[in-house]
Amino acid sequence: MSALVLISVLGVVLLYLGLFGNRGLLAPVGIVGLLAAFVFFAADWQLENALFAGLVQFDTYARSFSMVLIVVTVLLFLFGIDYYAKVRENVAEQYALMLFSLIGGLLITSFSNLIVLFLGIEILSIPLYILAGGKRDSFRSGEAAFKYFVQGSFASGFLLLGLALLYGSTASFDLPAIEAHAVSIGTGTDMLFLLGLFFTIAGVAFKVAAVPFHFWSPDVYEGAPTLVTAFMSTVVKTAAFAAFYRFIGHMQLPEAVHTMLILMTVCTLFLGNIVALRQTQFKRLMAYSSIAHTGFLLLAFLGFDARTPDVLFYYLGTYALATVGLFIVLTLAKRAAKGDEHIHIFRGLFRSNPWLAIVTMLLLLSLAGIPLTAGFVAKYRVFVLSLANGYLLTTAFAVVMALVGIYYYVIVIREAFTPGERGLQLVVAPLNWLVISLCGIAVVALGVMPGLLRM
Amino acid sequence: MIVALLLLIPFITALALMFLRPTQQAKNVALISTLASLGVVLFAWSAYTGGTVIHYNMDWVPAWGLRFVMGYDGVGLLMLILTAVVFPFIIAAGYGEKLQHPSLVNALLLFTQTFLFGVFLAQNTLLFYIFYELSLIPVFFFLLYWGGEHRRAITVKFFIYTLLGGLSLLFGIIYCLGQGAGFNGDFATIGALNFPLSTQIWLFWVLFLAFAIKLPIFPFHSWQPDTYAMAPLQGTMVLGAVMLKMGLYGIIKIVLPIVPQGVIHWQETVIVLALIGAIYGGIIAFRQSDLKRLIAFSSLSHVGLLCAGLFAWNSYGVSGSLYQAFAHALLVVCMLYISGAMKERVGSSEMGAMGGLKLRTPRLAALFLLVLVNAVALPLTQSFVGEWLMFAGLWQVNGWLAFAAVSTIVLGAIYMLFAYQRVMLGPDKWALEMTDATTRDHLVLVPLIAVTLFLGVYPGPILDLVDVPVQQLLSSLSLN
Chain G
0 MSALVLISVL
10 GVVLLYLGLF
20 GNRGLLAPVG
30 IVGLLAAFVF
40 FAADWQLENA
50 LFAGLVQFDT
60 YARSFSMVLI
70 VVTVLLFLFG
80 IDYYAKVREN
90 VAEQYALMLF
100 SLIGGLLITS
110 FSNLIVLFLG
120 IEILSIPLYI
130 LAGGKRDSFR
140 SGEAAFKYFV
150 QGSFASGFLL
160 LGLALLYGST
170 ASFDLPAIEA
180 HAVSIGTGTD
190 MLFLLGLFFT
200 IAGVAFKVAA
210 VPFHFWSPDV
220 YEGAPTLVTA
230 FMSTVVKTAA
240 FAAFYRFIGH
250 MQLPEAVHTM
260 LILMTVCTLF
270 LGNIVALRQT
280 QFKRLMAYSS
290 IAHTGFLLLA
300 FLGFDARTPD
310 VLFYYLGTYA
320 LATVGLFIVL
330 TLAKRAAKGD
340 EHIHIFRGLF
350 RSNPWLAIVT
360 MLLLLSLAGI
370 PLTAGFVAKY
380 RVFVLSLANG
390 YLLTTAFAVV
400 MALVGIYYYV
410 IVIREAFTPG
420 ERGLQLVVAP
430 LNWLVISLCG
440 IAVVALGVMP
450 GLLRM
Chain F
0 MIVALLLLIP
10 FITALALMFL
20 RPTQQAKNVA
30 LISTLASLGV
40 VLFAWSAYTG
50 GTVIHYNMDW
60 VPAWGLRFVM
70 GYDGVGLLML
80 ILTAVVFPFI
90 IAAGYGEKLQ
100 HPSLVNALLL
110 FTQTFLFGVF
120 LAQNTLLFYI
130 FYELSLIPVF
140 FFLLYWGGEH
150 RRAITVKFFI
160 YTLLGGLSLL
170 FGIIYCLGQG
180 AGFNGDFATI
190 GALNFPLSTQ
200 IWLFWVLFLA
210 FAIKLPIFPF
220 HSWQPDTYAM
230 APLQGTMVLG
240 AVMLKMGLYG
250 IIKIVLPIVP
260 QGVIHWQETV
270 IVLALIGAIY
280 GGIIAFRQSD
290 LKRLIAFSSL
300 SHVGLLCAGL
310 FAWNSYGVSG
320 SLYQAFAHAL
330 LVVCMLYISG
340 AMKERVGSSE
350 MGAMGGLKLR
360 TPRLAALFLL
370 VLVNAVALPL
380 TQSFVGEWLM
390 FAGLWQVNGW
400 LAFAAVSTIV
410 LGAIYMLFAY
420 QRVMLGPDKW
430 ALEMTDATTR
440 DHLVLVPLIA
450 VTLFLGVYPG
460 PILDLVDVPV
470 QQLLSSLSLN
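First to last, the sequence lines map onto chains G and F. The first sequence runs 0 to 454 under numbering that gives the first Met the number 0. The second sequence runs 0 to 479 under numbering that gives the first Met the number 0.
It is worth saying that the hints were derived from the structure and are not from the lab. Beta carbons are placed, not taken as given, at the ideal position from N, Cα and C, and that holds for glycine. Treat the hints with care, since some could be wrong.
[Claimed, not checked] Facing chain F, according to a computed beta carbon distance under 8 Å, are these residues of chain G, among others:
id: 1; residue: 248
id: 2; residue: 369
id: 3; residue: 370
id: 4; residue: 394
id: 5; residue: 450
[Said to hold, decoys possible] Result set (SDA-like, lysine to any residue): computed pairs, CA atoms no more than 20 Å apart in a straight line:
id: 6; chain 1: F; residue 1: 156; chain 2: G; residue 2: 278
id: 7; chain 1: F; residue 1: 97; chain 2: G; residue 2: 186
id: 8; chain 1: F; residue 1: 156; chain 2: G; residue 2: 447
id: 9; chain 1: F; residue 1: 156; chain 2: G; residue 2: 403
id: 10; chain 1: F; residue 1: 156; chain 2: G; residue 2: 145
id: 11; chain 1: F; residue 1: 357; chain 2: F; residue 2: 288
id: 12; chain 1: G; residue 1: 134; chain 2: G; residue 2: 335
id: 13; chain 1: G; residue 1: 282; chain 2: G; residue 2: 145
id: 14; chain 1: G; residue 1: 282; chain 2: G; residue 2: 138
id: 15; chain 1: F; residue 1: 428; chain 2: F; residue 2: 475
id: 16; chain 1: F; residue 1: 97; chain 2: F; residue 2: 428
id: 17; chain 1: F; residue 1: 357; chain 2: F; residue 2: 457
id: 18; chain 1: F; residue 1: 156; chain 2: G; residue 2: 406
id: 19; chain 1: F; residue 1: 156; chain 2: G; residue 2: 273
id: 20; chain 1: F; residue 1: 97; chain 2: G; residue 2: 159
id: 21; chain 1: G; residue 1: 146; chain 2: G; residue 2: 351
id: 22; chain 1: F; residue 1: 97; chain 2: G; residue 2: 135
id: 23; chain 1: F; residue 1: 156; chain 2: G; residue 2: 418
id: 24; chain 1: F; residue 1: 156; chain 2: G; residue 2: 398
id: 25; chain 1: G; residue 1: 146; chain 2: G; residue 2: 211
id: 26; chain 1: G; residue 1: 85; chain 2: G; residue 2: 146
id: 27; chain 1: G; residue 1: 337; chain 2: G; residue 2: 427
id: 28; chain 1: F; residue 1: 156; chain 2: G; residue 2: 282
id: 29; chain 1: G; residue 1: 85; chain 2: G; residue 2: 420
[Unchecked claim] Restraint-style ranges between C-beta atoms, simulated for each label pair:
id: 30; chain 1: F; residue 1: 439; chain 2: G; residue 2: 424; range: 47 to 55 Å
id: 31; chain 1: G; residue 1: 15; chain 2: F; residue 2: 64; range: 27 to 35 Å
id: 32; chain 1: F; residue 1: 51; chain 2: G; residue 2: 50; range: 55 to 63 Å
id: 33; chain 1: F; residue 1: 441; chain 2: G; residue 2: 424; range: 43 to 51 Å
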């Protein structure tokens, strides 16, 4: 409770700071506030904490995800100091909007009533529509904002329809009541309930960019300012997945919904990985790689057992670390290349910035899932989970897709380590250097000692 | 202690080389490090009394049942000896190469050695897999940076090809972890899985694919010739001498214990494929005009034979295959070293450009001939022992298969002698002065040749080492 209030007030404080022209204070105040919120969460650790008459349930699951969301936001704020250094206008608004969006994220990781799910997703999304259009004089940014807004509203419509149908069928928005209803149906059919589930899942699947609800993501990722892209692919994705699992994790799903999930997983894995092969723009590559990772995460969804939340938590946490680091490297390289985003801008990075190249390699290897990085452990656990639940062929397919994934990450590594050429001279601010190194080291440390990151 | 030393000596040296960049001393430092590892391995050999020696056995991530188990048995020790013996010579071969950034080159080689030791020390399938994949990464960068023409495309092809096998293996391992009661991935409990035959039939290929690509056997070999030819000399040495032995080792330690019935079911298929590769490699080798490509295809031929011998699954075949693995490692290093020495003198490894070198470099010609007799498996050389055992093993399976296997020896003699003729014999067409074999050439080649001749006359030490584990393997096979 205190953390939620703190972060909301923090956003308003940042807005006022911006109003009075204290630009230098924005990020530091934001970071201190977020760390305080983190401490609030950590201090209440392990206590079941129901808020707003049980609409929100801050259990261990919600708390763990909330803490990851806050940590990733702190990393992005640290990056923001350099990122917004040359921007004249509306910096405070951008920080504040990210905080408001984070509030939405915190709500949907902890909801126990579907109204809160809807509210949370809207609170999460509306600031994002504005943030995606953050570069007001950029055509691409405007396009991204518009596309995101139109498609996002559509998804919200789906979600709302789904929730209404669920209410119609169960006469309750309470998650436990709906779960109980699902059990009472058993093997029988309840069309209203089925459609409700279907539309609700579609609404949430839009947020995690699962195929076929992924169309917005490459364009929005590409057009949005890089910091916002990083925010979307880490904080938003983590929160949306946490919500997704919270919604269906304990529900006895009808066979049809289950089949739909399998289909969605297979399509997401296939499309994300195969289309990523053809990408030459790094941001689009990251967008499709993000879709591909959605596929692996959905695979963990298929078989529900006691391990699933922890597997998701580990996967999302390590994915966020690697992604934040890579987006910072991208921003630096893009700056040196005067706005170019082609993967060629990484060429020869090893000669011009050896340490940066090594960290970039570690982060990419982690996304690719090579042993001794956190990404390997994450994928390994997903495969263990899905095989243990009997999805033999789906897992085999995912393994093949993991191989395809390795290819496009290795291509980027190859660019960075192309011999003989001296790459662009990147200007790395000390704070950025720190964040990137932190991500790189964390990815290896969590790969060697995976026990460190658990719920 | 031995395990820790083997992993830490090369690893720490590699880190030091990478960060301190002692350009002048890099090769010396690396050489000392590999010699120290060799000392440790020889000590381990002298102290080895049989059975499986486990040095570490502890929990890694208790919550998920991951364990950290390191040790070795007779077969593992043989592979450790092989790796430790070959690496000093690989480093020494670098003295003749004018590669840029010698400290990075040697650091990458030592990283590879660390991970290879890891593969052969791992007593847990997942650890095995982790080291198996890791060993690829330094090699990837080595090839990418110091490779020859088309390195960018070939390196990625090599990497993806090998990872395809790796991921297939991972899938198989995870499947086993999920299925077998009482199986936590340790080699000690691996035999207790007992899958039904219908499962073993498909699971065999899932597990075997990784090693079939690594070796490689026909038809999974298409990455190999290009990669070998493009790689810098030391890279080819590492790939051909040591890394492909991981495939052999993996078949013995993982595929056979998990799917014994599957192995028997597919035995003849694999032997036939391997022999097709052996004969095909021999024929293509004959047509090569580049010495390094010739060695690449001859390696394909030899490896086919190794795999066929192994899949005879009798004591002759398996010990012959392991013995020959050792012989092949030394042979590959010798052959490649000579091709490097020739290139150093003539400027290319194109055989058409050579000829008549015997008159200019008589000592080198003599050394080449001594290596060559080993390559064509003349009696009293190490290869003769290994190949004879494999033929005897194959004969027990099927006379015709043994016949096909023997024909590779004839092919080998043809292409090797033809190569010698083109390189060394013929009229002297070289106007310029050319240095004969240097002290360094002698220091590398003479010990290696001495070892091959010694073990050719007295194969006892190596065969004793693998005898007990091989008998155990075969008895577990016959029980099924």
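Status of the hints after comparison with the structure:
no.: 1; hint: 248; verdict: 19 Å, violated
no.: 2; hint: 369; verdict: 6 Å, holds
no.: 3; hint: 370; verdict: 4 Å, holds
no.: 4; hint: 394; verdict: 7 Å, holds
no.: 5; hint: 450; verdict: 5 Å, holds
no.: 6; hint: F:156 <-> G:278; verdict: 18 Å, holds
no.: 7; hint: F:97 <-> G:186; verdict: 73 Å, violated
no.: 8; hint: F:156 <-> G:447; verdict: 28 Å, violated
no.: 9; hint: F:156 <-> G:403; verdict: 12 Å, holds
no.: 10; hint: F:156 <-> G:145; verdict: 41 Å, violated
no.: 11; hint: F:357 <-> F:288; verdict: 19 Å, holds
no.: 12; hint: G:134 <-> G:335; verdict: 19 Å, holds
no.: 13; hint: G:282 <-> G:145; verdict: 18 Å, holds
no.: 14; hint: G:282 <-> G:138; verdict: 16 Å, holds
no.: 15; hint: F:428 <-> F:475; verdict: 60 Å, violated
no.: 16; hint: F:97 <-> F:428; verdict: 26 Å, violated
no.: 17; hint: F:357 <-> F:457; verdict: 31 Å, violated
no.: 18; hint: F:156 <-> G:406; verdict: 9 Å, holds
no.: 19; hint: F:156 <-> G:273; verdict: 17 Å, holds
no.: 20; hint: F:97 <-> G:159; verdict: 69 Å, violated
no.: 21; hint: G:146 <-> G:351; verdict: 38 Å, violated
no.: 22; hint: F:97 <-> G:135; verdict: 55 Å, violated
no.: 23; hint: F:156 <-> G:418; verdict: 18 Å, holds
no.: 24; hint: F:156 <-> G:398; verdict: 18 Å, holds
no.: 25; hint: G:146 <-> G:211; verdict: 16 Å, holds
no.: 26; hint: G:85 <-> G:146; verdict: 27 Å, violated
no.: 27; hint: G:337 <-> G:427; verdict: 15 Å, holds
no.: 28; hint: F:156 <-> G:282; verdict: 25 Å, violated
no.: 29; hint: G:85 <-> G:420; verdict: 30 Å, violated
no.: 30; hint: F:439 <-> G:424: 47 to 55 Å; verdict: 40 Å, violated
no.: 31; hint: G:15 <-> F:64: 27 to 35 Å; verdict: 53 Å, violated
no.: 32; hint: F:51 <-> G:50: 55 to 63 Å; verdict: 57 Å, holds
no.: 33; hint: F:441 <-> G:424: 43 to 51 Å; verdict: 48 Å, holds
Checked against the numbered hints above, the structure breaks hints 1, 7, 8, 10, 15, 16, 17, 20, 21, 22, 26, 28, 29, 30, 31 and satisfies the rest.
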